[in-house]
Amino acid sequence: MHNEDYIASGVLELYAAGGLSLAEREEVERRAAASPEIRKALDEACMAMEEYAVLHAVQPRPELKNRILDQINASIPTHTSEPDTAHNNVTQLLYEEDKAASPYRWMFAASIVLFLLSGWMSFHFYTKWQQAEQKLATVTADQELLAQNFKNTSFQLQQQEQKLAILQDPAFKPVKLKGVEAHPDASLQVYWNPQQQQVYVNVVKLPAPPAGKQYQLWALKDGQPIDAGMIEISGNKGTMQQMKNIGAAQAFAVTLEPVGGSKVPTLEQLTVIGNVES
Amino acid sequence: MTNQQQPILKLSEEELVERLRARDASVVSVLYDMYSPALYGVVLQIVKIEETAEDVLQEAFVKIWNSFESYDASKGRLFTWMLNICRNQAIDAIRSRQHRVNTKTEDIEGPQVSGFSAAEFKPEYIGVRDIVDNLNPEQKQVIDLMYFEGLSQSEIAEAYDIPLGTVKTRARSAVKVLARFFKGRA
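Protein chains in written order, with this note's numbering: chain D, 10 to 287; chain B, 4 to 189.
Rather than coming from a laboratory, the hints here were simulated on the basis of the structure. Any given hint could be a false lead.
Label-pair distances were calculated between CB atoms; the ranges are [as the list claims (entries may be wrong)]:
1) K137/D to E53/B: 48 to 54 Å
2) A43/D to E54/B: 37 to 43 Å
3) S18/D to Q144/B: 19 to 25 Å
4) H133/D to Y163/B: 54 to 60 Å
Owing to the predicted nature of the structure, the values given are computational and were not obtained by experimental measurement. All C-beta atoms, glycine included, are put in the ideal place defined by N, C-alpha and C.
In isolation and in its complexed conformation, chain D is listed as follows (with noise of 0.2 Å):
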């Protein structure tokens, strides 16, 4: 566009009446800029507007100008190296910029205290919950453990009742087994209820057996070896066994023999050896 055309499309007086929008009114600065023609148009239209301006003057309240002189005093930063002045003036910026805040920059600092602090909040609930979780872990272990040893403990005195139960009972005769020449270090006792045919060992010492080999125990009645079950070694030297049931014997004796048990004894592997006390 020409710059008689622009200037006579009215934007410069739509320009200082204040009807153009932000970029309406770059794009006539930027025309006013570029040609002095087009200027000189604008600052007669602006000075037009700014008569009638004038026109409506209001005097402000005189305590306005004090208040935005002191503002701007305020804001420039000072060159004295005076440690007290200096301080007087941080004091005094502080004050002025408290006089001066508008609700929104109350409620801009509020809004910053308050995240600050929930911030603060977050971390302070986080830091509690992480502790009660590990402490809560811990805890649990503690019981999960406490509960592993109580049963363990339980079915020990399970053992040692039902072992005291044995030997307190009449109705079981103890045959102690005594090491034969090879072993003579080694011996076991055999607790036999012939009523009710049960038969339980109780391993004292035994050596322990070769890879591949178990010991077995057999009850011989008329000479005759009947298989009596397989002995479990076990570290508890207090355990009681319960083995086959046996309804007459009247000798009991262990041998080693291969895993699993034989048919017949491997009398050259006979250990220990012991009769039934009539």
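Chain D is already provided as a structure; the job is to place chain B on it using the hints.
Just chain B, lined up with the frame of chain D:
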């Protein structure tokens, strides 16, 4: 500035600009004395509430001081630049929710500062009546909606159901009338 009640120190626009550019804070006082009544008048017309108008003028002056390096003298007059800052600030203020709340209270509690009530009863503003005689009511309506209500040309066209071209024509002739009127008075 013929309406000032007390004598004030005046400087040329060039000198003002030069000293403001040199960050001479003492010149702000002169700037304020020279222009604040006209700026405050426009701001007050737009926001209608004195308290808000004072806040707006304060924020605008701080902005004028802080962003003075962005004033480009080649693009327009100093007053025009300052007025644009004041108007933007005032329009922001009336469009914020805070202002709407205040206006409501004002409506209930007491009379608001409206139109030309303040100006018309002061003898020094007698010129307003001459203006009214010179401008036809349609021209005056358009120019006042823009200048004192902060509406853009398209907002006026939409709100008052006037074609945009007509809004432009009326605004243009109004400014022309004002320019002739003030030239004649000078």
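Hints and how they fare:
no. : hint                         : in the structure
1   : K137/D to E53/B: 48 to 54 Å  : 52 Å, holds
2   : A43/D to E54/B: 37 to 43 Å   : 42 Å, holds
3   : S18/D to Q144/B: 19 to 25 Å  : 21 Å, holds
4   : H133/D to Y163/B: 54 to 60 Å : 58 Å, holds
Hint compliance for this structure: no hint is broken.
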